[in-house]
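**Student:** Starting from the known structure of chain A, arrange chains B and C on it as the hints suggest.
Below, each chain spelled out in residue letters.
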Amino acid sequence: MREFGYKRATDVPEAVALLATDPEARFLGGGTNLVDLMKTGVESPALLVDVRGLPLDRIEVADDGALKIGATVTNSDLAADPEVRRRYPALTEAVLAGASGQLRNMATVGGNLLQRTRCGYFGDTAQPCNKRVPGSGCPALAGEHHNHAILDWSEHCVATHPSDMGVALAAFDAVVSIHTADGPAELPLSEFYLPVGDTPHRENALPPGALITGVTLPAAPVAARSRYRKVRERASFAFANGSIAAALDVEDGTVRDVRLAFGAVASRPWRARKAERALTGGPATAEAFAAAADAELAAAEPLAHNGYKVPLIRNLVVAMLTELTQEAAR
Amino acid sequence: MDPTKSSAISLRVNGERHSLTVDNRTTLLDALREHLDLTGTKKGCDQGQCGACTVLLDGRRANSCLQLAVATEGREVTTVEGIADGERLHPVQQAFLDFDGYQCGYCTSGQICSAVAVIEEHAAGWPSAATADVRPEAGPSPLDDDEIRERMSGNLCRCGAYVSIVRAVAEAAAVREAADSAAGGSRGERVTA
Amino acid sequence: MTAPTAPSVSAPSTAVAAAGTTTASPAPTRTSGAVGTPHTRLEGRLKVTGAARYAGEVPFAELAHGWLVTSTVARGRIRSIEAEPVLAMPGVLTVLHHENAPRLTPGVGMMGPDATLQVLQDDRVPHVGWPVALVVAETLEQAREAAEALVVAYDAEPHDAVFHAGHPGMYTPEPSRYVLPDSDKGDVEAELGASAVVVDEEYTTPQEYHSAMEPHAAVARWENGRLEAIDSNQGSHAVAQDLAKLFSLDAASVRVRSEHVGGAFGSKGTIRPHLLLAVMATTVLDRPVRVVLTRRQMFSLVGSRPATAQRVRLGADSDGRLRALDHEARTFSSTVHEYVEQSTRHSRIMYAADALRTRTKVVRLDVPTPAFMRAPGWAPGSFAVESAMDELAEKAGMDPIALRSRNEPEAGPVSGLPFSSRNLIACFDEGARRFGWTDRDPRPRARRDGRWLLGTGMAAAAHSAGTAPSTASITAGADGAFTVRIAAADIGTGARTALTQIAADALGAPPERVRVKIADSDFGPAFLAGGSMGTASWAWAITEAAAALGEKLALVDQIPAEGITARADTSELVSGRQPRESNAFGAQFAEVSVDVASGEVRVRRMLGIFAVGRVVNPLTARSQLVGGMTMGLSMALHEEGIRDTASGGLANADLAGYHVAANADVPVIEAGWVDDPDTYNPSGIKGLGEIGIVGVAAAIANAVWHATGVRHRDLPIRLDRVLTAGTAIENGGAVTH
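Chains as they are written, first to last, in this note's numbering: chain A, 1 to 330; chain B, 1 to 193; chain C, 1 to 737.
Please keep in mind that the hints were generated in silico from the structure rather than gathered at the bench.
Once the Cα atoms are required to be at most 35 angstroms apart in a straight line, the calculated DSBU-like pairs of lysine-lysine come out as: (1) 7(A) to 5(B); (2) 517(C) to 552(C); (3) 245(C) to 361(C); (4) 5(B) to 39(A).
Residues from chain B that face chain C, not an exhaustive set, calculated with beta carbons under 8 angstroms: (5) 23; (6) 30; (7) 37; (8) 39; (9) 49; (10) 81; (11) 106; (12) 108; (13) 109; (14) 162.
Please read these numbers as outputs of a predicted model, since none were measured by experiment. Using N, Cα and C, we set each Cβ at its ideal position, and we do this for glycine too.
The following block holds chain A by itself, in its conformation from the complex (with noise of 0.2 angstroms):
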């Protein structure tokens, strides 16, 4: 790890115009990520931009009932949060269900955006990487790639995206509201990650020396029947091989309103748009959240080792609604 200058902001905009003042100045939120990554010689800022102490750390219900989530809140916070826990249950599950107690308590919401993948030849810098050095190549491809991509990626890149609570918020349709230069700004989460092709290096559509604020949740009554299903090979503090936030409205046996988003699937947050189109004013049965999961899966090209994410991925999206359709039966 080289040296690096360290410095505080105390608003905003002094944070987006101290991070100006240095074009290898990186923002530290809770570090978790960031600090591990230099320790691993993989980020290497010349100056740190501490964002922590910025007024950011609120959550607020708007007037439109929509959710505000500051960028500081702590995942911790975040999860505990009786209006998450109570409208977007899924949300709280999903933040619950990563890393452990004491990382959630120093991890924020806008770090947790920004998380790069854990793939094993990205984090060593012996190892060429197409993500950290572009154009030297992909050595997980014909490598280890039991845990990586099977949708969307190129063969510039099969990393996945390692967050779970991103997997709630694309679920329920959030937008990043960011902050540069020339002010604030809104992004979609759907439009916030960009799709791999062969930039892998450019994982998100953040303009230069933008500080991402805050993400709002628009009210959606749907998503207060919400669950969050993560499989690992752990039982606990362990990635993803696979994971689903899924909010179901069943109304006579027929879905009225879905939401469906995978996890440790694709660079990013997978929203599953094509299983909700096909389940949505259908029959809330095994056989439709099959036909759904399948029509969403159809893309699917998984590599030598990963093929098993198709049948779990279909698998959970079956078991997940069937729950939550007993449980509005109930």
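**Tutor:** Just chains B and C, lined up with the frame of chain A:
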């Protein structure tokens, strides 16, 4: 040291104020161990993957290996050395000793700091991934063994003392609950403040 | 000379007892009964308050920090090391590499000449993660940055780092003290041909890592012409001996201490590179130097349990009597040193079969040298054989316990030696009773709880119970207290406490008046904390020293100010014994739940019942057994080192990639023991640090079969394997996608 790459900071640790100049790269963990000779906080992985470095930051548990010392100024740090009440062990420490909730002892400091926080987090009504229904109307779930296991999962123990750790945490939580009911109230504010 | 046959360890010394009967004697009034009584750890308060200092935590003025640079290629030679720019970096004191590092004596090793120890001696690179340089600087941060900045160029050569059973380089290793010869008894092929029921399957176990929580650490310095090291190891005396040999020093001029050790599991049993490099650096710089391995470096520098591929063939009559047991175990070692995982050990002592054949084959790869890891050989071997026995029970329509009980041997099946004791059947009986085994429906897929299929399984366990020569001294002080000195190690086993209890009983003193000092090479030779031999070996030495002290005390009226000291060395006693087949035994039971839709496997409960001789401290003994079982669960479901074919390095060299069981994975685990009197070692102790892990993976795999109807013969039982295998009955076999 290059003044632009180092910082004169004041750290409050276990109620005591320490003034020191640190390389900006120095983690809180290394500041404790190398600068303040507080070696009770352990370095198991230095990557946030084992929990041995767990301390309390403003009363909340945190991995000190991922916390930069320079970013800790103004916050209250509690390490395993500051958990006991003088010579009197904290109920969590006493329970770890009595139930043999450790073997080699290297993860123990982190386990104990984590356990102290787990009991407070639960008392404050925080749900966990083991909570069947996280909605507030479902009410708090009891701190049963599955809840303890999940909440303590950020602290790896290679000796395999988990079974005894769960017993120790349950015992310490019961001691706290008994003390609370004797005092006639809950003191869950600490963690939510 | 025959072994002492005293039936009780609590009265080993008539001398002490006699002394104790005289009230005027300086020896204390005889008390006994410390052994067998639960006792919390003597260092417990230090550990729960953070006051216990481990090797890397002892402060020294002028301490310098060393940081290793390791190779990034799997095979080749170092072309150049650009040290000059790094030496100019802030705080950098030196860069040691093969061209300037102090020379080491070749041919040294605890278990024969071990070239793994020859670090920074030449330009050869035998695997990814081999030490190529040590950067020493004033601060940790400076040392790390400088190590990262050091440019090392290699002439890489093609490498061969991936193990598979059909590797053409397989060979039969030469028998030695550490390599058992292949065994042949009877005609395996003929007996298999005559068998009514036959099992012929291959089982695999992956590379596994000790992953002790405390990274290997050492601080070394020269003081008054003596080399002093504080190191994290399992045996300070042996480490000091090797250190002296490697650096061509007089053995008396080297002192190694290791007061508290943060877990080891075999990885700290021999001298490791961090200590060698700390000694090199302190020698060059003439100031204290500390070297601590990073977690990633631990995955290439402190050994591992090598992967195995094992073919097991069993043949039995229709009533379950074994006619043939054929066990062929394939494994790997490095190109640097031959370590052979002895996976056939379990087969050699467990079952009476008319024909018994064991084979071990090894291939040398461009990978780090493997090492002993908790129950070496026994753990992977028992997975294969105890899984195969379950398959045989299924085929024969027998209860798995009944099948095993039917094949109890009268004597060592290979050695022919009498067992010093063998109470395996008692373990089965007690285990079956406590676990509720007798109510078990043997049919697979018979029980369900929501999305979870439930199953139970069991396996037998064994581990050798050895004793090695050790020395100990005891000083009776004028104040009536006793000080025991022995170069034992407490790596979390509770040795410090157990030895205090043993010494108290041997001395006839209350434990409060006995102080046991350990982990200092100056205390003289003692066996390491390993092989489940530590406590048994040390106890014998302490008991003998107590007897000798009793004799001395009987001759004096008053203890002088400097105290009276007696020493003992058990070398002759140990080597003078008649050979015996001496082992600990056990029965492992597990209940699992399996969700075949997600592939998740959860262990719901486990029970282990063991015959482990005399239990010194029931509190810490239970912890050790449960700890071993926990590691067995971790082995069954989680642990797997994944080698990257292209680079030859490990693809998951951290604790987020290499999963060890977390708290949430571990259910209620109970451990107990049966009476197991055995005085082959007069202390009656067999050792129990390792047997806890043996058989667990098989018990869990057998339970997964019982739940799903699918045999999982490859560890770990990963969710993708369970998911794609599904259930035998629903899917009619494996589903492929």
